[in-house]
Amino acid sequence: MQLRTDRALAPLFAALAIGVAASLAHDARAVGDPVKVGFIGSFASDTGRSTLRGAEIAIEELNAAGGVLGGRMIELVSADTREDVTEGIKAYEYLNESENVDFIVSGSIDDVSLGWFPRMAEYRTPTLDTWTSYIGLIDMVGEEYEKYKMYFMNIACDYALGTLYVDFGKDVLGKQMGWKSTVILQEDTAFGGGVQEFIAEIMEAEAGIKVLDTIVYDTQTVDFAPIYNKAVALEPDFMYLISSVNSQVPSSQYVKLQVPVAMTGINVAALGLDFWNDTGGAGGGISTLSPIPAVGMELDDSSKVFAEKYRAKYGDERPVFPHFNGFNAYHGVKNAFAAAERAGGFAPLDDWVREMENTDVKLYKDGEFWHRYAYFKPGEIEPRTGREFVHNIKFDLTPPYDDGAPSMVVIQWYTDGTAKVVYPPKYASGEFSIPPWLQ
Amino acid sequence: MTNILIQGLALSGLYALVAVGFTMIFSVGRVLNLAHGVFLMLGGYAYYTAVQVFGISKGAGIAIAVLAGAAFGILTYTVLVRRLEHNPIAVEISTLILAVVMQALIVVVYTSAPKSMWPIVPGVFRHEGVFVSHNILAAMVLSWIVLGGLVVFVRRTRLGRALRAVSMDRKGAVISGIDPHRMSLATWAISGGLAALAGVFFATYTQLTPGMWVAPLIIAVAVVVVGGIGSIVGSLVVAHLIGFMETVTTTLVAAELRGVFTMVLVIVVLVIVPKGLFGREEL
Chain A
149 MQLRTDRALA
159 PLFAALAIGV
169 AASLAHDARA
179 VGDPVKVGFI
189 GSFASDTGRS
199 TLRGAEIAIE
209 ELNAAGGVLG
219 GRMIELVSAD
229 TREDVTEGIK
239 AYEYLNESEN
249 VDFIVSGSID
259 DVSLGWFPRM
269 AEYRTPTLDT
279 WTSYIGLIDM
289 VGEEYEKYKM
299 YFMNIACDYA
309 LGTLYVDFGK
319 DVLGKQMGWK
329 STVILQEDTA
339 FGGGVQEFIA
349 EIMEAEAGIK
359 VLDTIVYDTQ
369 TVDFAPIYNK
379 AVALEPDFMY
389 LISSVNSQVP
399 SSQYVKLQVP
409 VAMTGINVAA
419 LGLDFWNDTG
429 GAGGGISTLS
439 PIPAVGMELD
449 DSSKVFAEKY
459 RAKYGDERPV
469 FPHFNGFNAY
479 HGVKNAFAAA
489 ERAGGFAPLD
499 DWVREMENTD
509 VKLYKDGEFW
519 HRYAYFKPGE
529 IEPRTGREFV
539 HNIKFDLTPP
549 YDDGAPSMVV
559 IQWYTDGTAK
569 VVYPPKYASG
579 EFSIPPWLQ
Chain B
126 MTNILIQGLA
136 LSGLYALVAV
146 GFTMIFSVGR
156 VLNLAHGVFL
166 MLGGYAYYTA
176 VQVFGISKGA
186 GIAIAVLAGA
196 AFGILTYTVL
206 VRRLEHNPIA
216 VEISTLILAV
226 VMQALIVVVY
236 TSAPKSMWPI
246 VPGVFRHEGV
256 FVSHNILAAM
266 VLSWIVLGGL
276 VVFVRRTRLG
286 RALRAVSMDR
296 KGAVISGIDP
306 HRMSLATWAI
316 SGGLAALAGV
326 FFATYTQLTP
336 GMWVAPLIIA
346 VAVVVVGGIG
356 SIVGSLVVAH
366 LIGFMETVTT
376 TLVAAELRGV
386 FTMVLVIVVL
396 VIVPKGLFGR
406 EEL
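Residue numbers (this note's numbering), protein chains in the order written: chain A, 149 to 587; chain B, 126 to 408.
These aren't lab readings, by the way, just hints derived from the structure by calculation. Idealized CB from N, CA, C, for every residue including glycine. It cannot be assumed that every hint is accurate.
Negatives, chain B to chain A, calculated, CB over 10 angstroms [stated by the list, open to error]:
# : residue
1 : 203
2 : 277
3 : 365
4 : 396
Which bits of chain A does chain B cover? Going by a derived footprint, with three or more residues having C-beta under 8 angstroms, they are [as the list claims (entries may be wrong)]:
# : region
5 : 359-367
6 : 372-381
7 : 394-401
8 : 406-416
9 : 508-521
Next up, chain B with everything else stripped away, as it sits in the complex (with noise of 0.2 angstroms):
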């Protein structure tokens, strides 16, 4: 049970942190990013090429990474995504195919080889026969900071407000002085920085490959569309809900029904409530 618990939140704190800025993007530009794993797999090797390749401290490593998802998220918006935001379907297909392009690039620069990565924290934490890796609960931990700061930096300041308001209703912004175009870019640039963040833990806990981007991106819809999409809170609480539930059916069901029982959940959710269990579009 205590291994369930521990490898549950752990699990789920990762999860989170991989869907929230997903979420976001819907909630303020009603577009699905299909290239959200991208993201992720690009701040996963820049961190393991500053960190690995150049020997740059592991904090310096992490920033980098964060800063090039949101340098990515940023010309993602501006070159393809902005000229075709007003067919929701274009961008779904285009950020599709930006994304099997940049896992050609990803090989032709690195090779499709697998590579493991140093964990950021060393160590293993262990109790009551269970053992969890320092690395992993680190990111549990920073990905509830992150959330929380990002909850409170939706509600409380300035910009996020502003966010808000665009998620909530785009027209009355505008009449309000708001830039929608500004907000999505800001967007595209968090999604794009909390993503590489998550890249660097997800790569460093499991391994840094060119098709690392396709689970996460399955994470990522699996916890929306369950929360519904849009919501923070929702996908928070989703997350851990699907973090729980492939924990309990590796550790007493089956390994190999790990994700099987998060897909029957996306379909009974679809069927029953189409809008999800927290069923908002903004944020």
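Pulled out of the complex, with its shape left as it was, chain A reads as follows (with noise of 0.2 angstroms):
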């Protein structure tokens, strides 16, 4: 009886013993195997690699300084989003499904990063945007944070921007330049129309600039002609351009039609030092916001020295100079990674989020606090605007800045193809211009 009992449960034991073993085995792999990042963003768009290239640098530094979560290196894989929405979804999935990733580092555009971000609340996976600006998503994270709480944006929100670029209005625009009237010009976007939205709603109440009126167009527009000549019919002291996917055609279009307004805004095509070369140096001029670090602007210590390196690999391979994300990647990447070093690894999920949300770095520039990259805790208010910015990057909007970086600068290109930040004054290097033909 013994006998036979010992033989029927041979094949148990057996079963056990090889799950056993495989256990062990899989321990082993996860002590000896590398870290997976996923970069997910544009492989072609001079945004998309300079997030990218920001991870890359980051990992390097990380890997050649001993690895990670105790000497484990890090593995970087990418994902191709073309700036398409289904692109991006699948390219999430695939660095989920195919990858396995632990973390990923987003350069998606706003649209692309409202595609997968479902995806993400599925997969659970800690993920850094560094170039979506979008507020419904930081909205979402505050509203349903159990399901969204792994996301966080490196980059102030479109929100955030708007309000200090309505200090821009008043302080240099209005008072300086004596503008009381504008045109908004906005291209077809989620973002354009958020913008457009807030921009229209106090621009009027809080710098006494009177919106006549606001032309939409589609982002694929190739013909600015009419819509330049509508907007200066209605003769405003200047135009409000909202661009954050095509910028380079209104950009030359302007200046090749040397329209007789001036013209400021949200101008992605000139957040790049690419922009003068792209222009065929017609770039002179043009301003516009720009998150932070932008082109133009005076660099921390330690963004100085990942310019350096940024330069040092890449050369003349555009873009030639790393834009705002690819800052935000290089120091977000780090960050998450020190979170995960202090909470033991990206998972449990809740020590991860729970130790990026006490991620406090500040950055000095000669001694002086400059730029830092923490983020709202659900809960804490922003004081200026009254509402929560659950994890977006920590921002401040009131002078003198010290609670954090402005949410934004404003960068001048100059006829001599140098680019200068022109407004808060803090960091303002340069002055507010316009076009030679309008001077």
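Mind docking these for me? Both chains are given alone in their own frames, and the hints should help you get the complex.
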């Protein structure tokens, strides 16, 4: 009987033995295997490449310092979104299902991030966005914290960008330039719609600048002459461009047509050093809001080192200088791993989220507080706006910006091909100016 | 009103130049060349490389672009279309694939970043509060000259009459001693050259991007469908109709609806007058 029982149990013992062995093997692999970081973004765009390269340099530094989480190396895997929502969702699924990544750094545009956001909630993968600034994502994190708490936005959201931009409108466009009216030219995107709504609502109330009209145009528009003619016919003091996808056409046609009204606003094409060559040297007089750290902005000591490494590594390969999201990816990846070290890894998720929320990295320029990587916690109220920005990078909307960096700066391109920050005054190194044909 | 008139005329001239080569190829070869936009793109990039990279004069740059377009037209016909022209659907699919492949090649060589080009004719025309670049005015004038010359060419020259003969009756033309393949080759070369010229003005007016072939292709298809596939005169008239319609929509209705009315027009014409407003299939 005994023998028969042993025989009957033999397969069970064998299965258990195999299971234990497999489990031990898995644990051994977990210790020795690399930590996988996924990059999601457009491989072809300057902004996508900025995020990718920022992440690459951060990972190289972490690996060179002996690895992370007990000496494990970091492996970077990438998935191309082609700036398309469907491709973005597929890319997010690929990183999770095929690559089984531990952490994702994103250089996606707003609409693409919005596409993969529900997938992120399903996979529960820690994700850091460096380009998207859509406040709707931040609001979702705040409203459904348990569902979306793995998401962090390493750039000030559009609401914060717009709030500080209104200060620029009041101080520079209104007081300094004496402008009282504007026409908004808005690209037909989620980002464009959000910013337009905000600007139209408070520009007059806060800065005394009346919005005469808003002209919405398709992102594929190639002929801006009728649009500029229509705007000019309304006789505004300036035009306010909101363009985050295809900014080069309105920029270059503005210059080629020598449109007789000044233009400022949000012009993504002007956010990189390559803008000058791309416009054939015709970008003088263009100014734009930029998240930070911006082209033309003086850098903190740490970001300066990163920028030097970037230039040494990539040379003349565009983008020749990182866009703001390149810096945010570099610092963001390092901060995410620092949080993982404190939490013992990216899992359990709650531990990593807690440590990310406790992140507080202050960066200095020649001893002066200059930039900060910290995140708003649930329930934390931003004093100026009186609202929550859960897991958005901590920004400061009130001078002298000693609780965080400002949400944005305004950069100005000059006819000699240089770009400088013109607002806010603490970060300014140049003067706001209008194009030469208007002077 | 002045605004609409000037803008409409300027835009229409460019559209006519974009569309006419497309209609010629259909008229002579009875195939739709969905790589037509690529001819424009190549023209733009050839001009950019010659003028803004190597510093060659603008006139020489235009000549190089036109030659590049014509050469690519010949190559496309010889290597691809001639082997498939008995099957129009195969031609359409293969030319569309060619367009996608060429776009990828352009990305590899020039990257996907858009490039802004210097205007061929700098300066701005201003009249009654309306401003139009000299560049687009030059494109408009040049397109009228080229298109006028093209009409004279197909009606008055020996080669032009041979092209018309093939477009009207291929078998009859063969019996008369005309080699239809040579005529097709000439048509692809002319179409490539014209499209490349349009591409130079299109790119200097807008911008240079690897995806710039799509919008002109849509314009070309809309123009020739509404005008009547194969009709040069129909294409010229409808290019102006669409150009003015887009300008009126942008100025008086809503900029984001700019292309919508064009597509509605295409559908209406397809339903009511399937052969197009000028309903011909020969030059």
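So, going through the hints one by one against the coordinates:
no.	hint	in the structure
1	203	holds, 31 angstroms
2	277	holds, 29 angstroms
3	365	holds, 15 angstroms
4	396	holds, 25 angstroms
5	359-367	holds (count 4)
6	372-381	holds (count 8)
7	394-401	holds (count 6)
8	406-416	holds (count 3)
9	508-521	violated (count 0)
Checked against the numbered hints above, the structure violates only hint 9.
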